[in-house]
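Following the hints, put chain B in place on chain F, whose structure we already have.
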Amino acid sequence: MDTKSDVKTTAVIQRDWHSTPEGDDFFKKFSSPAGRRLYGVLERPVIFDGIEEVTYKVLFIGKCGVGKSHTISHLAGLYCGYTKTDTIGIEVTDVYWPVKIWDKVIIFKLQCWEAGESSMKKYNHIVESCQDKVDLRVFVFSYTDTSSFTDLPAYISSTSDKDMSQVAASIVIGTRNGSKAVVSPSEIKNFKMSYGIEVYSLPQAYSGKMAESIPEIHPLMNDICEILWLRDQHYIMNNSVTV
Amino acid sequence: MGANIVCVTSSGGLPIFSRKIGNVESLSFSTIGSLNGVHLFGKSKGLLLESTETENSTVVWKEYDDSLILICVALMNSKVIVEEIIETVYNALIVFVGSNEIKSFKNVERFKRSLRPAHPIIDCILECLDFGDRNTNLDLLKLVESILCREGKTLQIALDSFVEVIGTEFGCLTIENCVAAATDGWWSLAGIERKILSHVVRSSSHCTSFDMPIYLPLKSPTVPLRLVSVCLINPIRVNILCGSTPDLSVISQKSFQCWSPIVDTLKLAVQSHPRNIPSNLGFHDSINGFLLVNMSMGKFLLCTSLKSTKKDSKSCAETLKTFYYNAARIFEKNETLHQPLETYWVAEYHKLHAIKEGDDLICVLFHSGIPTPCMRLISRETLNIIVSQGELDWSRSSSK
Numbered sequence: 001m002d003t004k005s006d007v008k009t010t011a012v013i014q015r016d017w018h019s020t021p022e023g024d025d026f027f028k029k030f031s032s033p034a035g036r037r038l039y040g041v042l043e044r045p046v047i048f049d050g051i052e053e054v055t056y057k058v059l060f061i062g063k064c065g066v067g068k069s070h071t072i073s074h075l076a077g078l079y080c081g082y083t084k085t086d087t088i089g090i091e092v093t094d095v096y097w098p099v100k101i102w103d104k105v106i107i108f109k110l111q112c113w114e115a116g117e118s119s120m121k122k123y124n125h126i127v128e129s130c131q132d133k134v135d136l137r138v139f140v141f142s143y144t145d146t147s148s149f150t151d152l153p154a155y156i157s158s159t160s161d162k163d164m165s166q167v168a169a170s171i172v173i174g175t176r177n178g179s180k181a182v183v184s185p186s187e188i189k190n191f192k193m194s195y196g197i198e199v200y201s202l203p204q205a206y207s208g209k210m211a212e213s214i215p216e217i218h219p220l221m222n223d224i225c226e227i228l229w230l231r232d233q234h235y236i237m238n239n240s241v242t243v
Numbered sequence: 001m002g003a004n005i006v007c008v009t010s011s012g013g014l015p016i017f018s019r020k021i022g023n024v025e026s027l028s029f030s031t032i033g034s035l036n037g038v039h040l041f042g043k044s045k046g047l048l049l050e051s052t053e054t055e056n057s058t059v060v061w062k063e064y065d066d067s068l069i070l071i072c073v074a075l076m077n078s079k080v081i082v083e084e085i086i087e088t089v090y091n092a093l094i095v096f097v098g099s100n101e102i103k104s105f106k107n108v109e110r111f112k113r114s115l116r117p118a119h120p121i122i123d124c125i126l127e128c129l130d131f132g133d134r135n136t137n138l139d140l141l142k143l144v145e146s147i148l149c150r151e152g153k154t155l156q157i158a159l160d161s162f163v164e165v166i167g168t169e170f171g172c173l174t175i176e177n178c179v180a181a182a183t184d185g186w187w188s189l190a191g192i193e194r195k196i197l198s199h200v201v202r203s204s205s206h207c208t209s210f211d212m213p214i215y216l217p218l219k220s221p222t223v224p225l226r227l228v229s230v231c232l233i234n235p236i237r238v239n240i241l242c243g244s245t246p247d248l249s250v251i252s253q254k255s256f257q258c259w260s261p262i263v264d265t266l267k268l269a270v271q272s273h274p275r276n277i278p279s280n281l282g283f284h285d286s287i288n289g290f291l292l293v294n295m296s297m298g299k300f301l302l303c304t305s306l307k308s309t310k311k312d313s314k315s316c317a318e319t320l321k322t323f324y325y326n327a328a329r330i331f332e333k334n335e336t337l338h339q340p341l342e343t344y345w346v347a348e349y350h351k352l353h354a355i356k357e358g359d360d361l362i363c364v365l366f367h368s369g370i371p372t373p374c375m376r377l378i379s380r381e382t383l384n385i386i387v388s389q390g391e392l393d394w395s396r397s398s399s400k
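Residue numbers (the numbering used here), protein chains in the order written: chain F, 1 to 243; chain B, 1 to 400.
Just chain B, with the same shape it has in the complex:
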């Protein structure tokens, strides 16, 4: 199971990069040439080749700015998902080089080199594909992972005053790369921007602090900003977007000054991971785990360690991911006149149920013993337990 994504130039079909995930062969040079050739052939006849499907894989082509063509070949994933992967990858390229460079690069070799730092991010994006196996990390396309802790409000206040000290509007606090608090400015970024920034922070979390020039694909595609991230206590990081000042050492110093008074609160907040919800919240016995998505804010919360071991928790997460991609994502579309509100799967070892209420969508994984008609009630109750906790502030900005 796996996928390949390649990028070639529109003008000459020269390969820019090729990345893959999973247990598949990398695409050979001749295959890349043929895939590009068939797209080019259509183009010369005034046809736009969008996608094709084989027995078990999907191929999608997409050309951007008359400059680059991205081609993705993925097993077991639908056209919609593959298209979203391509779109996210293209936006990730903008993050590293800006849109002007993509539209008008002169030297292919130099352009290839400048895109090399984007490779780890492209790999992270490919991990969002669902292959129904347990070899990938659990990550969802376009949604940032979040964590709820009792200390959330204190963290939010501290973060708001920290960004004010630095002189920016954009800041977020992450625990093991899950958002624990973020400023209104951060939530005002496009979902895809927030997601790519979260990939960038995750792939650079091996250092104490970093200061990286980046572009925002929608908000600032031609003028670079700085993404500065400081590790407060491992694995809590504070990440901000700012202009050319203040200096990284000043930001580190200010981080120390602003956050050291609440270091104990930070230590308590870390304990919410990996459960991702406060330990005193109890749920119905029949639940093995759940995935909660807030569609308007573009965030998700995954809780899979309610009572299972680490190994079970991973398989529980993978099952929820497959269910979300294949059954529950339909709720996010607003195309049809009649909106579905619920869906469920019944399998040999477990049952899954998803329900949508307002902007929230919850997918719950039950053990197989639960009577099917009861799932609706318990899912609703689970959603209620989280949403009704004012201090957890799950729907913070969506209500604004």
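Extracted from the complex, chain F is given alone in its bound form:
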């Protein structure tokens, strides 16, 4: 249940790889100070040619207006200076992230899915499409909106997996953590205790043009990749036992 403690003890991903000359070189080629670019389904960063790639479906869930789209743009290193309205239907953004696992560089391709709350309520096919074969659920709340935090248990219970052999992993991301935060650290601690889900915090949304902030999202992206990697390892081990 406690994925995070698993992660900490196992630590398969080299956390400081990005600051080594090899990792630094990778990230420099992969992103510029102005941000990263969007890749279509037929392409991927050229520097990743010949490197093993693993793909996962990550679903972002949370109340309307908490910043799901913004968080995804932030993780993808894309420009997000415009005022985004409620997402209509489904949006999918592919995020590429290189990590070093033991002595091997692996590219994680995270297909980040999100759907507008009003469309989810209105159209069944949108819910089904989003919930199908999810690897990781990211529950998003805003530190400046208490109800978005208190609604989390309802979101968590409404997204249970039908196929128990492939249960999706979960994490929580709190956005707009700053001076205006109304969700207290003790509430977060209680939540972690009772649900066993790790909570990550992102700072106040940038109001102007978003510059690339790789160092800031490094720990979060590495943790996401590690959770997904370990989930796969567990799955392989469990399956080989049954075989």
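Be aware that one or more of the hints could be misleading.
[Stated by the list, open to error] If we take Cβ atoms under 8 angstroms as the criterion, some of the chain F residues that face chain B in the derived model are:
#	residue
1	41
2	78
3	86
4	90
5	96
6	123
7	125
8	129
[What the hints assert, rightly or not] Result set (DSS-like, lysine-lysine): computed pairs, CA atoms no more than 30 angstroms apart in a straight line:
#	chain 1	residue 1	chain 2	residue 2
9	B	106	F	121
10	B	219	F	122
11	B	254	F	122
12	F	84	B	106
13	F	57	B	267
14	B	45	F	84
15	F	84	B	219
16	F	84	B	112
Read the hints as simulated data drawn from the structure, not as lab findings. Heads up, the beta-carbon is just placed ideally off N, CA and C, and yes, glycines get one too.
Quick look at chain B alone, frame taken from chain F:
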């Protein structure tokens, strides 16, 4: 220079949204109230207030379905253009909520919220106004921008087989939001529908793929369809309209399967942008740029980077836009008995000439050194170079 557009309810004059473009103040609540009041006053006396003009701006009112009133106040734009803006905005509202909701919404606050996603599209529509400055994107009302590339035929074949695999008739392939290929079904949509869909795709192009429920104002105003768009290689997207199946992940997978064999062709096609025509097509030296419009298909092609820098190219595009709106659009009307076929402007730094041949209208921007009588010949020749290239297929569906 700028414009404001507001929407209020017919029954109580409650504001639904207010958007603006350019360097103008937003309309205050009291101004919106007065504008609505004067329209309401006329209505109570059995009069229909359509429009009015001040020294430099035009105000147009239009009521739809006894439910909403749209009011647009625009500087430097004629009544006809402002009316078209209002019509396009109204149709964009239908795209997001459907016509039933517009006719009979119960809760104003909820209705306002449901229209919020239309705001970026309304902003795109306002960019089609011409203020004679360089602050707006070059976009034309009701016409979709297209691009011609040598690979067009291959892309068309691939697109036709892709939509067949998905099980739909409606598909188009865009490069930097310019149509490079589209199915017959896509061209059979009304021009205004195609234009609004192109605005929708443009404003959502920050993600790899999206799946959006939309209504078509003329073809399907009450039953929603899905607009699905997948980025193949940035900035090429394939966009389709379909029913509730197949699922988005299936469409993404199929996109990969159908398009990966011609990924090199796609990469070559991208090179046609921003010139928008193949690089081996040469034109007369006196030409700085041109705007080609096919009126029956509702598409345009803008080529402004023949030899100019990026900055010049923008100013060239703005000049062509102003010329098109103020002089050349008259060719599109079929009201008069005598049809004008040519028009021209002579300015200090450049000359402009427009000529209509069949469904095609070309506006050419020349440098000022060209003798005025020669413009006709060169414009005709330029049009011919493009239309005669069978492989570019400029007038594809209009000939059908």
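Against the structure, the hints:
1. Taken as an interface hint, residue 41 of chain F checks out: its beta carbon lies about 5 angstroms from the nearest beta carbon of chain B, inside 8 angstroms.
2. A cut of 8 angstroms between beta carbons decides the hint on residue 78 of chain F: the least distance to chain B is about 6 angstroms, and the hint holds.
3. At about 6 angstroms, the closest approach between the beta carbon of residue 86 of chain F and any beta carbon in chain B falls short of 8 angstroms, and the interface hint on this residue holds.
4. Hint status for residue 90 of chain F: holds, given a least beta-carbon distance of 4 angstroms to chain B, under 8 angstroms.
5. Using the Cβ-Cβ criterion of 8 angstroms, the hint placing residue 96 of chain F at the interface with chain B is not satisfied: the shortest such distance is roughly 11 angstroms.
6. Hint status for residue 123 of chain F: holds, given a least beta-carbon distance of 6 angstroms to chain B, under 8 angstroms.
7. The interface hint given for residue 125 of chain F is met, as the beta carbon of that residue sits about 5 angstroms from the closest beta carbon of chain B, less than 8 angstroms.
8. The beta carbon of residue 129 of chain F is positioned within 8 angstroms of a beta carbon in chain B (closest approach about 5 angstroms), and the interface hint is therefore held.
9. The straight-line distance between the Cα atoms of residue 106 of chain B and residue 121 of chain F is roughly 18 angstroms, inside the 30 angstroms bound, and the hint therefore holds.
10. A distance of roughly 21 angstroms separates the Cα atoms of residue 219 of chain B and residue 122 of chain F; the hinted pair therefore holds under the 30 angstroms criterion.
11. Between residue 254 of chain B and residue 122 of chain F, the direct Cα distance comes to roughly 26 angstroms. Compliance with the 30 angstroms bound is thereby established for this hinted pair.
12. Between the alpha carbons of residue 84 of chain F and residue 106 of chain B the distance comes to roughly 26 angstroms, so the proposed pair stays at or under 30 angstroms and holds.
13. Proximity of residue 57 of chain F to residue 267 of chain B is assessed by CA-CA distance (about 27 angstroms); at most 30 angstroms being required, the pair is judged to hold.
14. The suggested pairing of residue 45 of chain B with residue 84 of chain F is violated, with an alpha-carbon distance near 43 angstroms, which exceeds 30 angstroms.
15. For the proposed pair residue 84 of chain F and residue 219 of chain B, the alpha carbon gap of about 29 angstroms is at most 30 angstroms, so the pair holds.
16. Between residue 84 of chain F and residue 112 of chain B the CA atoms are separated by roughly 16 angstroms; this keeps the pair inside 30 angstroms, and the hint holds.
Checked against the numbered hints given earlier, the structure breaks hints 5, 14 and satisfies all the rest.
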